[in-house]
Amino acid sequence: MTRLREIVPYLALLAGAAFLYERTGAFAAFSRPGQLGPDAWPKAILALLAFVCVFEIARRAWSWRSATVEAKSEAATGEQAQRYPWLLAAGVAITVLYVPAISVLGFFLCTAIYLAAFMWIGRYRSIGVIAACSLIGSLAFVFVFMRIVYVSLPLGMGPFRTLSTGLLAVLGIH
Amino acid sequence: MDGVLHQLALGFLHLLAPANALALVVGLVVGMLVAVLPGLTLVMGVVLALPFTYGMDVTPSIVLLTAMYLSGTYGGAFTSILFRIPGEPLDVPLLWDGYPMARQGHPAQALGWTLLAALLGGLITAISAVALAVPFARFALRFDSPEYFAIVLFGLTGVVALAGDSLAKAVVSLCIGLLLATVGVDSTYGADRFTFDVPMLKDGVEYLTVMVGAYGLGEVLARMEQGFATPPLDATQKVDTRLPRWREVRGLLPTIGRSSFIGILCGIVPGAGATVGSFVAYGAEAQYGRRREQLGTGIPEGIVAPQLASTATVGGHMVPLLALGIPGSGATAVILGAFLLHGVQPGPQIFQTSGDMVYTIFASMFAAVMGMCLLGYFAIRPLIWVLRLPEAVTSAFVALFCFVGAYSARNSVTDLWMIVIFGIVGYFFEKMRFPIAPMVLGCILGPVAESSFMTSMIAYSNDWAVFFTRPISGVVMALTILALAFPLVRHARRLVRAKRNPAFGAQMGSEARP
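Heads up: the protein sequence lines correspond to chains A and B, in order. Numbered according to my numbering, the first sequence spans residues 1 to 174. Numbered according to my numbering, the second sequence spans residues 1 to 514.
Rather than coming from a laboratory, the hints here were simulated on the basis of the structure. C-beta atoms are modelled at their ideal positions from N, C-alpha and C, and glycine is treated no differently. Hints may be right or wrong, so weigh each one.
[As the list claims (entries may be wrong)] Ranges of calculated distance between the beta carbons of each label pair, as one might list FRET restraints:
{"no.": "1", "chain 1": "A", "residue 1": "F51", "chain 2": "B", "residue 2": "D463", "range": "22 to 30 Å"}
{"no.": "2", "chain 1": "A", "residue 1": "G166", "chain 2": "B", "residue 2": "F428", "range": "38 to 46 Å"}
{"no.": "3", "chain 1": "A", "residue 1": "R59", "chain 2": "B", "residue 2": "D240", "range": "47 to 55 Å"}
{"no.": "4", "chain 1": "A", "residue 1": "A47", "chain 2": "B", "residue 2": "Q349", "range": "28 to 36 Å"}
{"no.": "5", "chain 1": "B", "residue 1": "A379", "chain 2": "A", "residue 2": "G158", "range": "42 to 50 Å"}
{"no.": "6", "chain 1": "A", "residue 1": "A131", "chain 2": "B", "residue 2": "R497", "range": "52 to 60 Å"}
{"no.": "7", "chain 1": "B", "residue 1": "R142", "chain 2": "A", "residue 2": "A47", "range": "30 to 38 Å"}
{"no.": "8", "chain 1": "B", "residue 1": "A379", "chain 2": "A", "residue 2": "R147", "range": "53 to 61 Å"}
{"no.": "9", "chain 1": "B", "residue 1": "R388", "chain 2": "A", "residue 2": "P100", "range": "33 to 41 Å"}
{"no.": "10", "chain 1": "A", "residue 1": "P100", "chain 2": "B", "residue 2": "Q226", "range": "39 to 47 Å"}
{"no.": "11", "chain 1": "A", "residue 1": "V96", "chain 2": "B", "residue 2": "A465", "range": "43 to 51 Å"}
{"no.": "12", "chain 1": "A", "residue 1": "A47", "chain 2": "B", "residue 2": "F139", "range": "27 to 35 Å"}
Let the hints inform the model, and build the full structure from the sequences given.
Structure below.
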């Protein structure tokens, strides 16, 4: 089981390399006969990747290096710190949601909510600090990036856009 | 030599310009803060500072990042010596003598030795960078495309070979980086590659998003899985520094000489960065030091050697970066990224085309060394205050910096998606112990490697032997093969030892993990 778990990433990489290698045939370009085309460089990299994957799969499958020793070592490392997969899942979920939400809610509101949610999910429970950090932090980012660095951060849509433009007016950003 | 000194003097004058001076001060303070915070690595800090440089000129941008890099090699020493928490991996050897010295009631002396080592390491590294960069660049002017390809390949394999225990994982990471660099429109033929008719892939994958996502967000997600378990620290301890006396320093001159040499060498060799320099210098002290038996009990040699060597690597790294355009570490890869973002390609011509800028950067290194020592002596107490912040709060802001940094480059929400994707990739890399640095370097150096390879092939009628038959590229290719063979030989020797001694074999697995 341990060996299988070690081999799976290399199998996936090998499959990916094979798929991409096949796709290099579809590169449309004009090159003189006998001259390397745009597929040459990616093909060389993919061949190297495939070689390393095959080598590692073979090595791990035939226990060239003791798989048990590695498994024990990894288990020992894993035991050092407690894991919270649900925190990770929630963290990834809000991080993924942040991207589409920023176009709708605008940078300020979306970021304030994201920061607050992130701290809460990160097991920090001081509501006052969370509220202050998320609001002041978002405001500081808006000010620094829109007023000083001149980055056009998303303003949002509909009522959220009105809120963002009102905030910018208060901050003196035009 | 006179010309170099004259240019350096002009560099000091340019450094007095408000934008450069401000960038220097901000870089020093932020670099120190980043190094103090255990969750934030030096490379991550430099990456997060990158978006602030978009609106700046190239010189203050590089001054800012270089100052961060330099002071980052010093700031972590405070938490290592006072709280036994290494801010950076390079600070780990400081735990072995710095912390015991502090526990014996001499924290001010321990901090004094660190300050002296950082000062000497910084000055030595700045002098070596000025002295070596021009000869390096003159030599590089003889290069044609095969030599460039050989040098880039050496840079990549050097990083791969020294990336960690598993050469295979490092090569996989490098290949992924090189493949990411091929996505989009090919520069030689104009062909679409790996775009799968997805519009956002037509422009290619920005190395910035790979860098920020994998290093920044990936690390944040990994720490979130551990529940942000690092407790906030009581940073109210007395933090004073007492500089050593000359007669104390005199006894450490051999240590200073050895560690300086190791630091500069580790800087010039691609991949062997500050962390390697720090450990190697401590190891050299353990083997050749006058008081090697007492090492680990809290003696100054155990503090000076790693600190001096790690700071001395910075100048060594700047030499190949400026003269050849080859970054030897994660931080210099980011600095190269900053150069490219401002439309400047480092290489041998940079000394002719942008001499003012190069010497201002060199001058800033001297000023940064002095500045970081002054900061360490007078202002470290308020900086350490940041350790009171809960990890969840600092991590939330790190994640936000990642997003804003990526968005600011092109004002594109697409890049935010890229950040999320590479953040998750970075998390899995951490989880499966694949090194991230080769992927980032592959992504940055991939286009240079490909274009010099394709140019060579077209110019020399597909003659592969050209890389081996031309004198300079042949030597560099031989070094590349050696760099790749070295870890394999080391691994084979370990296996033989493990077979002879099963106890060593059991130890091997745990030692191997960095």
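To see whether the hints hold, each was checked on the structure:
Hint check: F51 (chain A) to D463 (chain B), Cβ distance near 23 Å, so the stated range 22 to 30 Å holds. For G166 (chain A) and F428 (chain B), the Cβ-Cβ distance of about 42 Å falls inside the hinted range of 38 to 46 Å, so the restraint holds. In this structure the supplied range 47 to 55 Å holds for R59 (chain A) paired with D240 (chain B), their Cβ-Cβ distance being about 54 Å. A47 (chain A) and Q349 (chain B) have their C-beta atoms about 34 Å apart, which keeps the hinted 28 to 36 Å range intact.
For A379 (chain B) and G158 (chain A), the hinted distance range of 42 to 50 Å is satisfied, since their beta carbons lie about 47 Å from each other. For A131 (chain A) and R497 (chain B), the Cβ-Cβ distance of about 58 Å falls inside the hinted range of 52 to 60 Å, so the restraint holds. The hinted range of 30 to 38 Å is satisfied by R142 (chain B) and A47 (chain A), whose Cβ atoms lie roughly 32 Å apart. Range check, A379 (chain B) to R147 (chain A): Cβ separation about 27 Å, and the 53 to 61 Å hint is violated.
The beta-carbon spacing between R388 (chain B) and P100 (chain A), approximately 35 Å, falls within the hinted interval of 33 to 41 Å. Distance hint check for P100 (chain A) and Q226 (chain B): the Cβ-Cβ separation is about 28 Å, which falls outside the suggested range of 39 to 47 Å. Checking the proposed 43 to 51 Å range against V96 (chain A) and A465 (chain B) shows it holds: the Cβ atoms sit about 50 Å from each other. In this structure, A47 (chain A) and F139 (chain B) meet the distance hint of 27 to 35 Å, their C-beta atoms being roughly 33 Å apart.
When held up to the earlier numbered hints, the structure conflicts with 8, 10 and fits the remainder.
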